[in-house]
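Undergrad: What follows is the residue order along each chain.
There are 2 protein chains.
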Amino acid sequence: MHPEKINPMLLKSIGVVKRQGKQAILEILPQYAQALDGLAGFSHVWVLYWFHEHDNPEERATLKVHPRRDPANPLTGVFATRAPVRPNLIGLTPCRILKVSGNTVEVADLDAHDGSPILDLKPYIPKGDSLPDAATPDWVKKLRPE
Amino acid sequence: MHPEKINPMLLKSIGVVKRQGKQAILEILPQYAQALDGLAGFSHVWVLYWFHEHDNPEERATLKVHPRRDPANPLTGVFATRAPVRPNLIGLTPCRILKVSGNTVEVADLDAHDGSPILDLKPYIPKGDSLPDAATPDWVKKLRPE
Numbered sequence: 001m002h003p004e005k006i007n008p009m010l011l012k013s014i015g016v017v018k019r020q021g022k023q024a025i026l027e028i029l030p031q032y033a034q035a036l037d038g039l040a041g042f043s044h045v046w047v048l049y050w051f052h053e054h055d056n057p058e059e060r061a062t063l064k065v066h067p068r069r070d071p072a073n074p075l076t077g078v079f080a081t082r083a084p085v086r087p088n089l090i091g092l093t094p095c096r097i098l099k100v101s102g103n104t105v106e107v108a109d110l111d112a113h114d115g116s117p118i119l120d121l122k123p124y125i126p127k128g129d130s131l132p133d134a135a136t137p138d139w140v141k142k143l144r145p146e
Numbered sequence: 001m002h003p004e005k006i007n008p009m010l011l012k013s014i015g016v017v018k019r020q021g022k023q024a025i026l027e028i029l030p031q032y033a034q035a036l037d038g039l040a041g042f043s044h045v046w047v048l049y050w051f052h053e054h055d056n057p058e059e060r061a062t063l064k065v066h067p068r069r070d071p072a073n074p075l076t077g078v079f080a081t082r083a084p085v086r087p088n089l090i091g092l093t094p095c096r097i098l099k100v101s102g103n104t105v106e107v108a109d110l111d112a113h114d115g116s117p118i119l120d121l122k123p124y125i126p127k128g129d130s131l132p133d134a135a136t137p138d139w140v141k142k143l144r145p146e
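Residue numbers (this note's numbering), protein chains in the order written: chain A, 1 to 146; chain B, 1 to 146.
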């Protein structure tokens, strides 16, 4: 199958990010509330969201960036960065779960802006997801926390 | 902004998975080759792909599953599992980079099937992505490697 022949892949918003200072509420649409059953048994969750503020043809066509818009960081292909401009505007952040209640999940450590559509939630499973010895280039080692 | 009001979010295939036994070739479309610049400086990459074999209304409406289709695993909300049936069919796997060359990336540890459309690649950054102490429920601890 040639990739261009694949039918359009349409994402549905499953909810929306509501910022509350350093924390955030994931407000899941009521029709998906049941899909949260069991999430409270995990300490962390991957939040996949849409960088909606960058949803325009120019930013989706950007192939290289200076990470964090800092010219001190080398011009780098977007697939080698976590920049919010890329062909598919998917953001990916592991978050600490503070509370799961009804159709909401309260989390810490989410960098998504208020109003970001949520695409998916996946449990963090350290066996598989945690690779403490993964190697990175020098520019990453020099990054300060955001 | 109410999530239902958000414009449809359309994914583009940026390439396709070609299986080669236990390894896989990520065949990136030539127009995105530049976006790979710098990826070779990382040891691992997150591969985001589309579970194209499950792209039908029934599986995208599934809210609960027995993980790995094993009735011994409790019926669980899909957002608390990594199951390939979910509202947005996004697969997420951290892979070891074997080689980056032109518009291809050779990887190990990818569970995607042959022909899966690739949605995004993101570098694995242990500071942030690696959470060795993340807690999981009992059914996860009992899982055997696939």
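Hints listed in this document are in silico derivations from the structure and should not be mistaken for laboratory results.
Yeah, the Cβ is synthetic: ideal placement off N, Cα and C, and Gly gets one too.
Treat the hints with caution; some may be incorrect.
To be verified - Pairs of lysine-lysine, DSSO-like flavour, derived with a Cα cap of 27 angstroms:
1) Lys64/B - Lys99/A
2) Lys127/A - Lys18/B
3) Lys99/B - Lys127/A
4) Lys141/B - Lys142/A
5) Lys141/B - Lys64/A
6) Lys99/A - Lys141/B
Said to hold, decoys possible - Here are some chain B residues the structure puts well away from chain A; computed CB gaps all over 12 angstroms:
7) Gln20
8) Gly21
9) Gln23
10) Asp37
11) Arg82
12) Lys99
13) Glu106
14) Pro126
15) Lys127
16) Ala134
17) Asp138
Undergrad: If a hint holds in the structure, say so; if it does not, say that too.
TA: Checked hints:
1. Taken as a hint, the Lys64/B and Lys99/A pair is honoured in the structure, with Cα atoms around 20 angstroms apart against an allowance of 27 angstroms.
2. Restraint check: the Cα-Cα separation between Lys127/A and Lys18/B comes to about 25 angstroms, which is no more than 27 angstroms; the hinted pair holds.
3. Taken as a hint, the Lys99/B and Lys127/A pair is honoured in the structure, with Cα atoms around 24 angstroms apart against an allowance of 27 angstroms.
4. Note on Lys141/B and Lys142/A: the hinted pairing is violated, with a Cα-Cα distance of about 35 angstroms set against a maximum of 27 angstroms.
5. Between the alpha carbons of Lys141/B and Lys64/A the distance comes to roughly 40 angstroms, so the proposed pair goes past 27 angstroms and is violated.
6. Restraint check for Lys99/A and Lys141/B: satisfied, since their Cα atoms lie roughly 22 angstroms apart, inside the 27 angstroms limit.
7. Every beta carbon of chain A lies more than 12 angstroms from that of Gln20/B, the smallest distance being close to 17 angstroms; the non-interface claim holds.
8. Every CB of chain A is more than 12 angstroms from the CB of Gly21/B (nearest about 20 angstroms), matching its label as outside the interface.
9. The beta carbon of Gln23/B is kept farther than 12 angstroms from every beta carbon of chain A, the shortest such distance being approximately 18 angstroms.
10. Distance check for Asp37/B against chain A: the nearest CB is about 4 angstroms away, which does not clear 12 angstroms, and the non-interface claim fails.
11. Residue placement check: Arg82/B does not keep its beta carbon more than 12 angstroms from all beta carbons of chain A (closest about 6 angstroms).
12. No Cβ of chain A comes within 12 angstroms of the Cβ of Lys99/B; the nearest lies about 15 angstroms off, and the non-interface call holds.
13. The beta carbon of Glu106/B is kept farther than 12 angstroms from every beta carbon of chain A, the shortest such distance being approximately 15 angstroms.
14. A Cβ of chain A approaches the Cβ of Pro126/B within 12 angstroms, the least distance being about 5 angstroms, so the stated non-interface status is violated.
15. At roughly 8 angstroms from the closest C-beta of chain A, the C-beta of Lys127/B falls inside 12 angstroms, breaking its exclusion from the interface.
16. Annotated as non-interface, Ala134/B brings its C-beta within 12 angstroms of a C-beta of chain A; the closest such distance is 4 angstroms.
17. A cut-off of 12 angstroms between C-beta atoms contradicts the statement that Asp138/B is not in contact with chain A; the least separation is 8 angstroms.
Hint compliance for this structure: hints 4, 5, 10, 11, 14, 15, 16, 17 are broken, all remaining hints hold.
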